[in-house]
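Trainee: Chain by chain, the residues run as shown.
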Amino acid sequence: MPELIETTVVRTPIAGAAMLSARDVSVAFPAARGGWIEVVRSATFDLHPGEILGLVGESGSGKTVTSLALMGMFRAGSRLTGGSIAFDGRDVTALDEKGWRELRGNRIAMVMQQPARALNPAFTVGRQIAEVAGRHLGLGRKQAWEHAVATLDRVHIPDARQRAKEFPHQFSGGMAQRVLVAMALACEPSVIIADEPTTALDVTVQAHILQLLRELVDDTGVSILYITHDLAVVAQLCERAAVMYAGEVVEVSDVVDLFERPRHPYTQGLLDSIPVGVEKGGRLRGVPGQIPSPGSMPAGCRFHPRCAHVLDGPCTTTPLELVTHDRGADRCVRSADLTLTGVSRGTA
Amino acid sequence: MALLEIEGLTKTYRRRLSSTPTVAVEDVSLILEAGRTLAVVGESGAGKSTLGKLVARLVEPTSGAYRLAGIDMLALRGRRLRAQRRRVQVVFQDPYTSFDPRMTIGASLEEPLLIHEELDRARRRSRIVELARRVGLEASHLDRRPHQLSGGQLQRIAIARALSVQPELIVFDEPVAALDVSIRAHVLNLMADLQAELGTTYLFITHDLSTVRVLADEILVMRRGRAIEHAPAAQLFVAPSEEYTRALLDAVPSPVPRTRTARREGARLSLSPGPRALGSSSGLTTPASLHKME
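Protein chains in written order, with my numbering: chain A, 198 to 545; chain B, 738 to 1031.
Treat the hints as calculated values from the structure; they're not laboratory data. Honestly, I wouldn't trust all of these hints.
Said to hold, decoys possible - Sample of chain B residues lacking proximity to chain A, with all beta carbon distances greater than 12 angstroms (derived): (1) Y750; (2) T757; (3) S766; (4) L767; (5) I768; (6) T799; (7) R804; (8) A812; (9) T834; (10) D837; (11) E855; (12) R858; (13) S863.
As the list claims (entries may be wrong) - Part of the chain B face toward chain A, derived, beta carbon under 8 angstroms: (14) E780; (15) I920; (16) A984; (17) L985; (18) V989; (19) P994.
Stated by the list, open to error - Simulated DEER-style distance windows between Cβ atoms: (20) G335/A x R961/B: 44 to 50 angstroms; (21) A971/B x R272/A: 44 to 50 angstroms; (22) R816/B x G232/A: 53 to 59 angstroms; (23) Q821/B x A505/A: 45 to 51 angstroms; (24) S800/B x F271/A: 53 to 59 angstroms; (25) E867/B x G478/A: 23 to 29 angstroms.
Keep in mind that this is a model prediction, so the values were computed, not measured. Glycine included, C-beta positions come from ideal geometry on N, C-alpha and C.
All chains should be built: construct the whole structure from the sequences, respecting the hints.
Mentor: Next up, the structure:
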């Protein structure tokens, strides 16, 4: 098992505009045979007020682990091994559990993938939301209940007063996801972290949840970190996106730029993998090869074994850092001299 | 020639505490020519998977008729049914739950041959190696166990296993839904290559319309157990005749980014009503129409 590499903490001055900032965030998990396995390496991006930032990646890319770290949550003995996290201009990296608890719920809320699992089946949904409001806003029992009803109404649950008295199993998947969004909104947070909130839903129901999130951002100015593997959702919902691959952020960019002029070959590979407009008899393009597993990461650029543009030496020896440019940032030594094709606006 | 002929196929389940049975598939009829791909699409609960299981004879229909290459599949019982099972194979969504975790990949691939073919050990081995190669894996993969392969590799093996007994029809139930985006294309391409080479007929079940276009010759849209539209793929994508199909197509997010203004306006105006909303109960459209529903 490889030893944990202690990354030097580069405390880049945090831009005043960001609501939530990750700077070189690294997270490691204890390995079965001792030592540590680094699962997220040097993740850097900003979430600005009132924007939806897509955090895109395939399974094992580290997107969920990164998002949990941004809320001070470390599962299965994992820990932050480098970097810093800032919330609303304040460095929260060294916050203790009590401090994090205050932040979570009050200022940062979360929406999970499977609403049926995130709700307690034994209590009415109204009571579960009221509990959040009671604890964080200091409301009395009756006020908290009224607040819960108002929040359910806000996420367009019809007949909210009546539905508040119902139990989770009485809600369809889409409606239960609205309940979770309501619970996240209960304390009027500044940031919502949504981890694949529509992956378990039908595509038709997904469209309505996406519409709701967009509406909430436009009406309240909340910022959303939207974690997904689905680039089409990013295209429809997000202002900007950060693409993760094998535990690293490989590209951060405005969504239009990302889709029309990707700078990292992996981003282009993901765009190529979208099977839209290819008819019977046509060929789909994907990304050759396999996703590497943590603990056996390729040397140099982690994408190089699957990359069509690999250069022996620059791409294959030393780990690459995220380099900022005028439109965003990327982790590719060849990004300046490569012209990668994206999705053109005429195709769909 | 028609390979698959289904007439008025119905499957109902009786609920324990209720007198009204649940109708999973209701009065579905279709004819599918050999060598073609029929995609069955619809939302969860539409009856797609039940239709697939009926075709694979994994569940008994309540009523209806089903012929495969002229043979009445529903009249078969016992030994004669078992002999015919070879002709329809299934590939499921999650390859990790469709392989025995304790068996090597080679042993899993060998099992259908032991049941359906009379081959000696050496011939079986060479068939298995050939099958693995055909789906892009090496002989060395055969000694591994499921957890040692990636999802994409294991799904290739699932396809190889389905092919091993030379079926006429393969039912693919969400074959790429559990795979990573960058891997999906390879599996879909492989499915297309194998069909071009072997002429196998496909029944491709999915909720994701974006993955069927590259494979489907025709599309069957299901809703609440019923087949509501059956049309050539090229026609259905361009000019669906049912409003529900249109709504289903519209709900698929486009991979072309919208500008900030368009995104904002799209959120307010252009989303069409959800398919469920068209008929009744759940699903939402615009805030204004909300109160009429659910």
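Trainee: Hint by hint, say whether it matches the structure.
Mentor: Okay, the hints, checked on the actual structure:
1. Against chain A, the non-interface label of Y750/B holds: every CB pair exceeds 12 angstroms, the least being about 19 angstroms.
2. No beta-carbon of chain A comes within 12 angstroms of the beta-carbon of T757/B; the shortest separation is about 19 angstroms.
3. Interface exclusion of S766/B from chain A stands, the closest Cβ pair being 24 angstroms apart, more than 12 angstroms.
4. The non-interface label for L767/B is consistent with chain A: the shortest C-beta to C-beta separation is roughly 18 angstroms, beyond 12 angstroms.
5. Chain A leaves I768/B outside its interface by the beta-carbon criterion, the shortest separation being 19 angstroms against a cut-off of 12 angstroms.
6. Chain A leaves T799/B outside its interface by the beta-carbon criterion, the shortest separation being 26 angstroms against a cut-off of 12 angstroms.
7. Non-interface call for R804/B relative to chain A: holds, since the shortest CB-CB distance, roughly 26 angstroms, exceeds 12 angstroms.
8. The beta carbon of A812/B is kept farther than 12 angstroms from every beta carbon of chain A, the shortest such distance being approximately 34 angstroms.
9. The non-interface label for T834/B is consistent with chain A: the shortest C-beta to C-beta separation is roughly 16 angstroms, beyond 12 angstroms.
10. The non-interface label for D837/B is consistent with chain A: the shortest C-beta to C-beta separation is roughly 23 angstroms, beyond 12 angstroms.
11. Against chain A, the non-interface label of E855/B holds: every CB pair exceeds 12 angstroms, the least being about 37 angstroms.
12. Every C-beta of chain A lies more than 12 angstroms from that of R858/B, the closest at about 32 angstroms, which supports listing it as non-interface.
13. The beta carbon of S863/B is kept farther than 12 angstroms from every beta carbon of chain A, the shortest such distance being approximately 27 angstroms.
14. The beta carbon of E780/B comes within 4 angstroms of a beta carbon in chain A, closer than 8 angstroms, and the hint placing it at the interface holds.
15. A hinted interface residue such as I920/B counts as satisfied when its beta carbon comes closer than 8 angstroms to some beta carbon of chain A; here the least separation is about 7 angstroms, so the hint holds.
16. The interface hint given for A984/B is met, as the beta carbon of that residue sits about 7 angstroms from the closest beta carbon of chain A, less than 8 angstroms.
17. For the restraint placing L985/B at the interface with chain A, the shortest Cβ-Cβ distance is roughly 6 angstroms, inside the 8 angstroms limit, so the hint holds.
18. Annotation: interface hint on V989/B holds; nearest CB of chain A at approximately 6 angstroms, less than 8 angstroms.
19. Satisfaction of the interface hint for P994/B is found here, the shortest Cβ-Cβ separation to chain A being roughly 4 angstroms, below the 8 angstroms cut-off.
20. Take G335/A and R961/B: their Cβ atoms lie about 47 angstroms apart, and the range 44 to 50 angstroms holds.
21. Between A971/B and R272/A the CB atoms are about 48 angstroms apart, so this pair conforms to the stated range of 44 to 50 angstroms.
22. Checked against the hint of 53 to 59 angstroms, the C-beta distance between R816/B and G232/A comes to roughly 57 angstroms, which is consistent with it.
23. A beta carbon spacing of about 47 angstroms between Q821/B and A505/A agrees with the range 45 to 51 angstroms that was offered as a hint.
24. Between S800/B and F271/A, the C-beta spacing of about 56 angstroms keeps the proposed range 53 to 59 angstroms intact.
25. In this structure, E867/B and G478/A meet the distance hint of 23 to 29 angstroms, their C-beta atoms being roughly 26 angstroms apart.
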